[in-house]
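A.B. asks: Please model the complete structure; the sequences and the hints are all you need to start from.
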Amino acid sequence: MSETDAALHGHGALMEASPYAIPSRKFTMWLFIISDAVTFGAFLFAYGYLRVATPNWQRPFETGSVINVVIMTVVLVTSSLTMLGAVDAAKLGDKAKAMKFLYSTMALGAIFAALHIREWFQLFAKGITLSSGLFGQTFFMITGLHLLHVISGIIAMLVIARGYSRETLTPSHVETTGLYWHFVDLVWMFVVPLVYLTNISH
Amino acid sequence: MATATASGNVIRKYLPIYFVLLAIFFVEVFLAFQHFSTATLVVLLLALAVCSAGLGLMYFMHLAEEHRNLLLTLIPVTIFVLLMMNMFWSDSVRLLHMRPFQQ
Chain A
0 MSETDAALHG HGALMEASPY AIPSRKFTMW LFIISDAVTF GAFLFAYGYL
50 RVATPNWQRP FETGSVINVV IMTVVLVTSS LTMLGAVDAA KLGDKAKAMK
100 FLYSTMALGA IFAALHIREW FQLFAKGITL SSGLFGQTFF MITGLHLLHV
150 ISGIIAMLVI ARGYSRETLT PSHVETTGLY WHFVDLVWMF VVPLVYLTNI
200 SH
Chain B
0 MATATASGNV IRKYLPIYFV LLAIFFVEVF LAFQHFSTAT LVVLLLALAV
50 CSAGLGLMYF MHLAEEHRNL LLTLIPVTIF VLLMMNMFWS DSVRLLHMRP
100 FQQ
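Line order of the protein sequences matches chains A and B.
Residue 67 in numbering that gives the first Met the number 0 sits at position 68 of the first sequence; the count goes up by one each step and never skips.
Residue 27 in numbering that gives the first Met the number 0 sits at position 28 of the second sequence; the count goes up by one each step and never skips.
Keep in mind the hints are simulated off the structure, nothing from the lab.
For each residue, glycine too, the CB sits at the ideal point set by N, CA and C.
Keep in mind that the hints are not guaranteed to be accurate.
[Stated by the list, open to error] Capping the alpha-carbon separation at 20 Å, the derived lysine to any residue pairs in SDA-like fashion look like this: (1) A:K90 / B:I10; (2) A:K25 / B:T72; (3) A:K25 / A:S171; (4) A:K96 / B:I10; (5) A:K90 / B:R11.
[Stated by the list, open to error] One-sided and incomplete, this derived list gives chain A residues near chain B with beta-carbon spacing under 7 Å: (6) F44; (7) T72; (8) V74; (9) A155.
[Stated by the list, open to error] Now the stretches of chain B that chain A is said to cover, found in silico as 3 or more residues with beta-carbon under 8 Å: (10) 9-15; (11) 26-36; (12) 43-56; (13) 61-70; (14) 75-86.
C.D. replies: Laid out in structure tokens, this is it:
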């Protein structure tokens, strides 16, 4: 019995059919995503309140930083697209194509992380650190948490790709990792406008 | 939709969503360079971010193709928790200054 069959029809007489018609692994990932979304939500709400309530908020981002963020966003959204390709190819049993897409996603994720770290070093050069004030604290906490998710995602993809190529892991593992990666992309869609675009020096 | 998936060309299927997401992002960048008040800018950017997140959730994460029960279980609960968080944060500002939160 496949995982989808098990989710749709239950495990014989032992278990009831899943009301969500998805495998347990995928449902667990959804629950993780929801709890992680709330964690990011807490950080972003805290940032939002501090940002609006503080009159002399630091606005360190100039045109160069905005261009960097534009490139980072394009890279991350593109990596979501390649991840879709990986999941689809894995489901269709095209292992070579799935691996190609998985490695492309990892490469794009690594480029994103490198650009992110470069941005951090530019801020360090301006004297903005985790201990330099409210902006530094909130910026590095939020972007640091996101960067941690990106790096974790790359490592997870590496493990999944290796297992999938050796046939110890299934296409459903690739799909679950894909869900996580899309979530990382989704969070970035809130981080950029709130943390970067409201802090451009005019 | 099923035809595109069967042919394995999922990239082409989701390319319009990809371009819409990028378009929304470029609108956000454009708005950031306009001279809005911080509160207005935050509201505008958040509204656009919610739109892109919705697209990502429904199409990239395939929530639109999943069983309706999944969407009805996950999304209202998340929105409720986030809205409650909004209440708690304003209350924390009130406690910090020991006076009502200024709107």
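A.B. asks: Would you mind marking each hint as holding or not holding in the structure?
C.D. replies: Right, here's what the structure says about each hint:
A hinted pair counts as satisfied when its Cα atoms are at most 20 Å apart, and A:K90 with B:I10 qualifies at roughly 14 Å. Distance check on the hinted pair: A:K25 and B:T72 sit about 14 Å apart at the alpha-carbon level, within 20 Å; holds. Under the criterion of a C-alpha separation no larger than 20 Å, the hint pairing A:K25 with A:S171 is consistent with the structure, at around 8 Å. Distance hint between A:K96 and B:I10 is fulfilled; the C-alpha atoms sit about 12 Å from each other, no more than 20 Å.
Note on A:K90 and B:R11: the hinted pairing holds, with a Cα-Cα distance of about 17 Å set against a maximum of 20 Å. For A:F44, the interface hint holds, the least distance from its beta-carbon to any beta-carbon of chain B being 5 Å, beneath 7 Å. Proximity of A:T72 to chain B holds as hinted, the smallest CB-CB distance being about 5 Å (cut-off 7 Å). Against a cut-off of 7 Å between C-beta atoms, the interface hint on A:V74 is violated, since the closest Cβ of chain B lies about 11 Å away.
A cut of 7 Å between beta carbons decides the hint on A:A155: the least distance to chain B is about 16 Å, and the hint is violated. Given as covered by chain A, the segment 9-15 of chain B passes the check, having 4 residues with a CB less than 8 Å from a CB of that chain where 3 are the minimum. Only when three residues or more bring their CB closer than 8 Å to a CB of chain A does the claim for the segment 26-36 of chain B stand; here the count is 6, and the claim holds. Chain A is given as covering the segment 43-56 of chain B, and this holds because 8 residues of the stretch bring a CB closer than 8 Å to a CB of that chain, at least three being needed.
Residues of the segment 61-70 of chain B lying with their CB closer than 8 Å to a CB of chain A number 4, which satisfies the three-residue condition for coverage. As drawn, the segment 75-86 of chain B meets chain A at 6 residues by the rule of a beta-carbon pair under 8 Å; at three or more, the given contact holds.
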